[in-house]
Amino acid sequence: MSKTDWPLYEVFIRARSGLSHRHFGSIHAADETMALDHARDLYTRRNEGVSIWVVRSTEIIASDPADSDSLFEPAADKIYRHPTFYKIPDDVENI
Amino acid sequence: MTKEQALITYATRMGDNAIVMAQRLSEWVGHGPELEEEMAMANFALDYVGQARMFFSYAGELDGKGQSEDDICFLRDGWDYGNVLLLEQPNGDFGEAIARLVLFETFYSLQLEGLVSSPARKLAEIAACAIKESTYHIRHAGHWLIRLGDGTDESHRRVQHAIDRLWTYTGELFEADQVDQIMQAKWEGPDLTVLREQWHRQIDALLSKATLQKPADGWMDSGGKQGHHSEHLGYILAEMQSLQRTYPGANW
Amino acid sequence: MYTQGLDQKQKKSAADPADTPERLAAFQARIDADEKIEPKDWMPSGYRKTLIRQMSQHAHSEIVGMLPEGNWITRAPTLRRKAILLAKVQDEAGHGLYIYGATETLGVSRDNLVADLLSGKAKYSSIFNYPTISWADIGTIGWLVDGAAIMNQIPLCRCSYGPYARAMVRVCKEESFHQRQGYEIMLELCRGTDEQKRMAQGALDRWWWPSLMMFGPSDKTSEHSAQSMAWKIKRISNDELRQKFVDVTVPQAEYLGLKMPDEDLVFDKKTGHYRFGEIDWEEFWEVLKGNGKCNRERLEARNSAHDEGRWVREAASAYAEKQAARDAA
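Protein chains in written order, with our numbering: chain A, 1 to 95; chain B, 1 to 252; chain C, 1 to 329.
Treat each hint with caution, since some may be false.
[What the hints assert, rightly or not] Below, computed lysine-lysine pairings styled on DSS-like, alpha-carbon distance capped at 30 Å:
hint, chain 1, residue 1, chain 2, residue 2
1, C, K121, C, K220
2, C, K244, B, K214
3, C, K289, C, K270
4, C, K123, C, K244
5, B, K132, C, K173
6, C, K289, B, K209
7, C, K49, C, K36
8, C, K293, C, K220
9, C, K232, C, K220
These are computed hints drawn from the structure, not numbers from a lab.
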C-alpha cells in the first residue's frame with residue numbers, strides 16, 4: 001500500500017434477516033475495521049442493514065464477460081431444466 | 001436545592017454537553033482528512049443533536065415553565081450553560097478531535113450506563129438510547145486513536161501532544177458537586193468516584209494499545225458545570241444563537 | 001446538472017484501435033435494446049471517457065456542494081433545522097462516495113480524480129461557486145438546486161451504464177427529502193416576519209439565474225450531446241430539462257408569494273409553458289473559468305483539508321501495514 005493509498009473493498013449488505021447479502025457498491029479503507037465502519041456509515045443510514053460483508057476488491061474472482069457465451073448460453077437452450085417445459089394434465093394433483 | 005431542581009439542572013447539563021460537542025464536530029464538515037471521516041463526524045454530530053433535543057425537552061417539561069428545547073438551547077447565556085470545559089476546547093487537528101472524543105465518550109458511556117436504572121424514567125430512557133450511539137462513537141474513535149498512536153512518528157507525536165494537552169480537562173468529569181451528589185443519592189445516578197476508576201482502567205488499556213503514554217495527573221481545570229467557562233464558549237454560543245438573537249420570536 | 005457537459009471544448013481523441021465499426025455497431029445494438037453496460041463489458045473509448053468525465057464531475061459537485069451548506073450548520077436557527085441540515089450534508093458526502101465508487105469501475109482511481117479536482121483541472125457544477133449569505137439561502141438551495149438535480153437524476157436512473165444508473169436510484173431515493181426540507185424552510189420564512197420575507201426574496205433573487213444555468217448551455221451549442229443521447233448517457237436535452245424546471249418551479253414561487261427576478265417571465269397559454277428571459281451565459285463561462293464569488297475559497301477549503309489530513313491518511317496506511325506484518329509473523 002502506498003503512503004496514502006487505501007485499498008478498495010466491495011460492500012455486501014443483508015438488509016433484513018431472511019434476505020441474502022446484496023452488492024451495494026465499493027469503499028476505500030486502510031484496514032478491515034475501518035472498512036466495516038465506512039460501509040456502515042455510507043450504506044446503512046436509513047435502517048437498511050442487519051449484516052455487512054466487506055471484501056477486498058482484489059479478492060473477488062469474476063467471470064470474464066468475454067466468456068459469457070460459453071459460460072451462460074448453453075444453459076439457455078436446456079429448457080428441460082425448467083418446470084414449465086413439461087406438460088402434465090391439469091387434473092393430476094400435487095405435481 | 002430540591003431533588004427536582006437537581007434533576008432539571010443535571011438533564012440540562014447533559015444537553016449542554018451534547019450540543020457543544022455537536023457544534024465542535026460539525027466544524028469538520030468540509031475539513032476532514034478524508035470524505036468518509038467527514039461523514040462519520042457529521043454522523044456523530046447528528047447523534048449529539050438528537051440527544052441534546054431529548055435532554056433539553058425533558059428539562060423543559062420538568063421545569064414546567066413552557067420552555068421548548070430551542071428556548072433552552074438558544075436563549076441562555078454562557079453563565080447558565082453547564083457543559084464541561086473539555087468539550088468547548090477548539091478542535092485543533094484531527095488527532096486532538098479524536099483524543100477529545102475518546103476521553104469524553106469513555107466517561108459519557110459510563111455515565112449513561114449509570115443512569116439506565118434511574119427512577120427518573122424519561123432520563124433513563126434517553127440514556128438507554130444514547131448508549132448505543134456512544135458505543136459506536138467509542139469504537140470508531142478508539143480505533144483511530146490506535147491508528148494514530150501506532151501509525152507514523154508524526155501521528156504518534158501529534159496525538160500524544162493532544163492527550164497531554166487535554167488531560168487537564170479530564171478531572172472535571174469526576175468532580176461531584178451538589179447536583180451530582182443529589183443525583184446519586186436521590187435518583188440512583190452514578191457514583192463519580194467509581195466512574196473515575198473505571199474510566200482510568202479503560203483509558204489505560206486504550207492508551208497502551210495505542211502505544212501512548214498516560215499523562216501524570218497535574219492541576220485540573222474545572223468550573224464548566226457551574227457556568228465558569230473558558231473564553232471559547234462565548235464564541236460557540238454567539239455563532240449558534242445568532243439567528244434567534246437577531247430575530248427574536250421568529251419561527252424557522 | 002452537476003454534469004453540465006462542461007468540457008465541451010475537448011478535442012476528439014484518435015479512435016481507439018479497438019473501436020472497430022463492427023464492435024461499435026454491436027455496442028449500439030445493445031444500447032438500443034436497453035441493455036445495461038456493466039464494468040468489464042467492452043465499450044467504445046469515447047463512451048468510457050465521457051462517462052468518466054460526467055460521473056466524476058457529478059461526484060465532485062456533491063463534495064464541493066457540502067461547503068456552502070456546511071457553512072450554516074453551526075448557525076441553524078433551531079435544533080430540528082440543525083439535525084436536518086446535518087443529515088442532508090451527510091447524504092451529499094454519501095452521494096459523492098457512491099458516484100466515485102461507480103466511476104472507479106471504469107478503471108480510474110479515486111485518488112487521481114480527487115487530485116484533478118484539487119488542482120482545478122476537473123470541473124464541478126457552477127452553482128456551488130455562489131456564497132450562502134443568509135439562512136434563506138439554505139432553503140433556496142434545497143428548493144431550487146436540489147430540485148434541479150432531481151430533475152436531472154431521475155432520467156439518469158435509466159442511464160445505460162449499470163453502476164451509474166444504480167447509484168442514481170439510490171441517490172434519488174435520498175434526494176427527495178432534500179428538496180422538501182428546502183421548500184419547508186421557505187414556507188416558514190414567507191409566513192414569517194417582514195425581515196424573514198425579505199430574506200427569502202433576497203435569496204431567490206440571487207439563486208434563480210444560477211439555478212437555470214445549472215442545466216448547462218443549449219444542446220445546439222454542444223457537439224457531444226447527440227452522441228451522449230445515442231449512448232443513453234444523456235436521456236433528456238438541457239433545454240428540455242430547463243423548461244421543465246421553470247414550469248414546475250414558478251407556481252411554487254407564486255405559492256410562497258415571492259416575485260421571480262425575471263421581467264420577461266410570462267406564461268404562454270398556447271404552448272402551456274413559461275417563456276423566460278435571456279440567461280447571461282457570460283457569467284456562466286466566467287464562473288466555470290474560476291471567476292465566481294467562491295471558486296477560490298471552495299478549492300482552498302478542499303485543498304487545505306486534504307493537505308492537513310495527509311498525516312492522518314499516512315498514519316492509517318502505516319498502521320495497516322504494521323498489522324499485516326504482525327499477522328504474517
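Could you grab the alpha-carbon distance between C/K232 and C/K220 and see if it respects the 30 Å cut-off?
-> Distance of about 18 Å is within 30 Å: holds.
Restraint check for C/K244 with B/K214, where alpha carbons must lie at most 30 Å apart = The given pair, whose Cα atoms are some 63 Å apart, is violated under the 30 Å limit.
Is the Cα-Cα distance between C/K289 and B/K209 30 Å or less?
-> Violated, at about 50 Å.
Assess, step by step, whether the Cα of C/K289 is no farther than 30 Å from the Cα of C/K270, and give holds or violated.
-> Distance ~39 Å between C/K289 and C/K270 Cα, so the pair is violated.
For the pair we were handed, C/K123 and C/K244, check the Cα-Cα distance against 30 Å.
-> holds, 25 Å
Straight-line alpha-carbon gap C/K293 to C/K220, limit 30 Å = The given pair, whose Cα atoms are some 28 Å apart, holds under the 30 Å limit.
Hey, B/K132 versus C/K173, does the alpha-carbon distance stay inside 30 Å?
-> Judged against 30 Å, a Cα distance of about 27 Å means the pair holds.
Quickly compare the C-alpha distance for C/K121 and C/K220 to 30 Å and report which way the hint goes.
-> Distance ~25 Å between C/K121 and C/K220 Cα, so the pair holds.
Between C/K49 and C/K36, does the CA-CA distance stay at or below 30 Å?
-> holds, 17 Å
In terms of the numbered hints stated before, the structure departs from hints 2, 3, 6, listed from lowest to highest.
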